[in-house]
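> The primary structure of each chain is shown beneath.
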Amino acid sequence: MHNRRQFMSQSAAVASAIAFPLVAGAQPKTVKVGVLHPVTGALAYSGQQCRLGAQLAIEDINKAGGIKSLGGAQIEALLGDAQSQPQAGAAEVEKMNEAGVSAIVGAFASAICLATTQAAAKYNLPHLVDVGVADQIVERGLKNTFRFGPGYRKSTEIAMANLLVLNKAAGSPAKTVMIVHEESLFGAGTAQLLSRELPGYGFEVREVVKHANPTRDFNNIVLRMKSVNPDIVIPANYYNEYALLVRTMQQQKVTPKAIFSVLGGAASSYKFVKEFPDAANGIIDCNHWFNPKDKRAQDLRKRVEAKGQFFSYEVFMTYTAMWVLADALERAKSTDRAAIIDALEKSTYANHIMPYGPTKFVNGQNEGAQPLMTQVVKNDIKVIIPRDYREVEPLFPMKA
Amino acid sequence: MFDFGILFPSVLNGLTTGAVYALIALGLTLIYGVLHIINFAHGASLMLALYGVYFLKERLGIDPYLALPIAMAGMFALGYGLQRIVINRAGHGKDENILLATLGISIVMENLALIFFKSDTRNIDTAYSLSTVAIGPAMIAVPKLVSFAGALVVSALLFWIMSRTDLGRAIRAVAKEKEGAKLMGIDVEHVYAMSFGIGLACLGAAACFLLPAYYVNPQVGGGFVLVAFTIVVLGGMGSFVGALVGGFLVGVVESLGGLYLGESLGQIGIFVIFIGVVLFRPEGMFGARA
Chain A
199 MHNRRQFMSQ
209 SAAVASAIAF
219 PLVAGAQPKT
229 VKVGVLHPVT
239 GALAYSGQQC
249 RLGAQLAIED
259 INKAGGIKSL
269 GGAQIEALLG
279 DAQSQPQAGA
289 AEVEKMNEAG
299 VSAIVGAFAS
309 AICLATTQAA
319 AKYNLPHLVD
329 VGVADQIVER
339 GLKNTFRFGP
349 GYRKSTEIAM
359 ANLLVLNKAA
369 GSPAKTVMIV
379 HEESLFGAGT
389 AQLLSRELPG
399 YGFEVREVVK
409 HANPTRDFNN
419 IVLRMKSVNP
429 DIVIPANYYN
439 EYALLVRTMQ
449 QQKVTPKAIF
459 SVLGGAASSY
469 KFVKEFPDAA
479 NGIIDCNHWF
489 NPKDKRAQDL
499 RKRVEAKGQF
509 FSYEVFMTYT
519 AMWVLADALE
529 RAKSTDRAAI
539 IDALEKSTYA
549 NHIMPYGPTK
559 FVNGQNEGAQ
569 PLMTQVVKND
579 IKVIIPRDYR
589 EVEPLFPMKA
Chain B
3 MFDFGILFPS
13 VLNGLTTGAV
23 YALIALGLTL
33 IYGVLHIINF
43 AHGASLMLAL
53 YGVYFLKERL
63 GIDPYLALPI
73 AMAGMFALGY
83 GLQRIVINRA
93 GHGKDENILL
103 ATLGISIVME
113 NLALIFFKSD
123 TRNIDTAYSL
133 STVAIGPAMI
143 AVPKLVSFAG
153 ALVVSALLFW
163 IMSRTDLGRA
173 IRAVAKEKEG
183 AKLMGIDVEH
193 VYAMSFGIGL
203 ACLGAAACFL
213 LPAYYVNPQV
223 GGGFVLVAFT
233 IVVLGGMGSF
243 VGALVGGFLV
253 GVVESLGGLY
263 LGESLGQIGI
273 FVIFIGVVLF
283 RPEGMFGARA
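Just so you know, the sequences run in chain order A and B. No gaps in the numbering here: position 244 of the first sequence is 442 in my numbering, and each next residue is one more. No gaps in the numbering here: position 130 of the second sequence is 132 in my numbering, and each next residue is one more.
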């Protein structure tokens with residue numbers, strides 16, 4: 199017994215002596231970051247676009263010398279798949295925590311973000327939310343959670359205010375509204391906000407219709423639309439359903455005065471515009487959008503398109519979120535989770551491609567974050583509001 | 003809301019969906035009628051058929067409608083093989099064993115699909131996916147119209163096989179009186195496997211008609227099979243006419259339910275019918291009284 203113990207302690211000492219120089223030689227050359235998105239399942243397209251954005255950002259950060267305050271440490275991505283389900287997302291957080299990541303960037307959908315931020319909070323693991331527009335995400339007092347983009351309350355308010363402006367400028371031709379939304383947190387929350395607030399702006403909400411993900415037949419919903427005959431149709435759903443809804447409307451010859459979306463899944467998507475130019479034409483969206491006057495955004499767009507991919511909002515949202523994290527790592531000078539959270543709280547990061555100004559997190563929400571209003575014009579997506587970023591004059595209503 | 007211009011398209015839409023439901027239910031009711039078991043692998047088999055049609059289109063560029071003979075032959079072979087090699091052997095002639103065997107097969111199929119195809123929802127895009135035909139005030143999508151006509155043709159073919167061919171007579175004989183059929187020199191095992199094969203071939207056809215207007219993922223079968231069970235019970239277990247009429251009825255009820263109650267609640271009508279049938283007419287609309 200005694201001998202064995204002696205042997206153990208001796209060999210441990212020898213082992214550590216041998217190992218020590220190795221450890222010393224391998225000073226933190228990498229910072230592990232979890233990149234967590236729904237890359238399979240119903241949200242696969244959006245999740246893969248997010249992942250692409252994260253990977254491009256990491257490529258750029260590493261090429262520019264990595265995290266300099268950590269001796270040029272390279273960011274190493276740990277890719278995770280939330281399978282389009284909150285519980286799968288939370289399980290990935292557990293795995294990433296085990297693997298020793300310093301932070302997580304993700305996880306696109308609101309419902310998934312709710313689960314992943316909470317799972318990460320248990321380990322005080324910083325979590326940068328790239329899209330996840332439901333406001334509950336940053337309203338639960340989680341110290342580890344930071345959202346760079348705008349939430350749906352802010353987006354909906356801006357959208358409604360601008361709708362009123364557009365409508366007044368055109369002589370108030372639109373009075374009635376129908377909302378079509380997906381059934382999870384993002385769609386249901388947005389629809390609830392809209393139907394509560396729109397009457398205050400002078401619009402009558404005639405109908406609110408919910409649908410599942412995925413839905414492969416919008417005929418019934420469009421038939422309802424025909425009977426309700428709203429002036430404005432507001433969809434709040436993800437890409438596949440958004441595209442199918444608008445295509446079914448075209449099929450059934452339903453043409454409202456405007457298709458006006460708040461965070462519409464396909465409304466400001468180059469993919470949609472390219473695949474269905476006729477259906478997309480004229481659609482107005484209030485959504486995440488890059489600063490159209492920033493040359494770097496255009497360069498990034500070209501890079502993404504050179505890869506045969508579309509420069510969708512997922513790409514630039516996650517791209518920028520990764521840069522926000524890199525900036526925080528630089529200032530934290532450490533891979534310690536608490537230090538990173540502290541650095542994020544103090545972030546003033548302004549060197550980005552979004553129309554947000556300097557970053558300022560208040561209770562995890564970036565105060566400067568704002569959506570832009572875009573419209574599909576001649577097979578391209580152009581900013582119409584606010585004036586500072588305007589590329590073309592808005593066209594409202596669609597049919598006279 | 004009860005405007006003809008809204009109601010009529012919705013009913014038509016329901017009829018077209020119902021035709022595919024009927025096709026799926028026909029396969030299920032055939033297998034039940036002959037083997038006296040509920041095929042729990044029906045949904046998973048439909049899912050495999052959909053993947054088959056999907057890959058024929060994506061990899062080989064074969065249009066789903068042209069893939070019809072391939073899909074039906076492939077599914078027939080799968081069904082025949084499954085019954086002969088797996089279900090028959092695992093069943094040892096006991097119904098409860100056969101039931102469990104089909105349940106096991108469905109679990110294996112769905113998880114293999116998850117491994118190989120991932121949980122992505124996929125769909126194909128064809129030139130005619132979004133074209134429509136005007137029927138009165140209704141705009142009906144071309145794939146739906148084709149699936150309606152196709153389902154009717156395949157059902158007619160099935161009726162013909164069952165009523166006019168030796169195989170059909172043998173199947174009906176085995177269904178009615180197994181021992182008697184055996185004594186008359188009918189190869190019961192072969193008839194069982196043929197029935198299972200034909201049952202799955204119906205799914206092959208359904209898959210070809212569905213995919214242009216639908217999608218496929220490893221869980222896709224579940225929703226259909228639940229509806230198909232309802233139709234089989236509604237129409238009468240083992241009744242072909244019942245499956246056909248039940249399919250159309252359920253399709254229309256679902257469509258109108260979706261229109262008036264919303265997409266999520268729309269299916270409630272189907273299950274209300276189901277409970278009603280089980281309570282008041284357990285033998286179904288066209289079933290023989292036990």
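Worth double-checking, as some hints may not be accurate.
[Claimed, not checked] Just the calculated beta-carbon pair ranges, DEER-fashion:
hint : chain 1 : residue 1 : chain 2 : residue 2 : range
1    : B       : 162       : A       : 577       : 47 to 53 Å
2    : B       : 57        : A       : 474       : 22 to 28 Å
3    : A       : 298       : B       : 130       : 49 to 55 Å
4    : B       : 266       : A       : 593       : 44 to 50 Å
5    : A       : 453       : B       : 133       : 17 to 23 Å
6    : B       : 68        : A       : 399       : 48 to 54 Å
7    : A       : 269       : B       : 225       : 53 to 59 Å
8    : A       : 296       : B       : 274       : 47 to 53 Å
9    : B       : 128       : A       : 374       : 50 to 56 Å
The set of hints was computed from the structure by calculation and includes no laboratory data. Here a beta-carbon is modelled for each residue, glycine too, at the ideal position from N, C-alpha and C.
> Confirm or reject the claim that residue 68 of chain B and residue 399 of chain A have a C-beta distance inside 48 to 54 Å.
holds, 53 Å
> Note whether the CB distance of residue 269 of chain A and residue 225 of chain B lies within 53 to 59 Å or breaks it.
Holds: the Cβ-Cβ distance is about 55 Å, inside 53 to 59 Å.
> Within 49 to 55 Å: is that where the Cβ-Cβ distance between residue 298 of chain A and residue 130 of chain B falls?
Given about 53 Å between the Cβ atoms, the range holds.
> Regarding residue 128 of chain B and residue 374 of chain A, is the given constraint of 50 to 56 Å on their beta-carbon distance met?
violated, 36 Å
> Regarding residue 57 of chain B and residue 474 of chain A, is the given constraint of 22 to 28 Å on their beta-carbon distance met?
At 25 Å between Cβs, range holds.
> Should the hint that residue 453 of chain A and residue 133 of chain B are 17 to 23 Å apart at their CB atoms be regarded as holding?
Between residue 453 of chain A and residue 133 of chain B, where Cβ atoms are some 18 Å apart, the hint holds.
> So the hint says 44 to 50 Å: do the beta-carbon atoms of residue 266 of chain B and residue 593 of chain A match that?
Check failed, 35 Å falls outside 44 to 50 Å.
> Is the gap between the beta carbons of residue 296 of chain A and residue 274 of chain B within 47 to 53 Å?
Given about 48 Å between the Cβ atoms, the range holds.
> Does the beta carbon distance between residue 162 of chain B and residue 577 of chain A stay inside 47 to 53 Å, or does it fall outside?
holds, 52 Å
Of the numbered hints listed earlier, those contradicted by the structure are 4 and 9.
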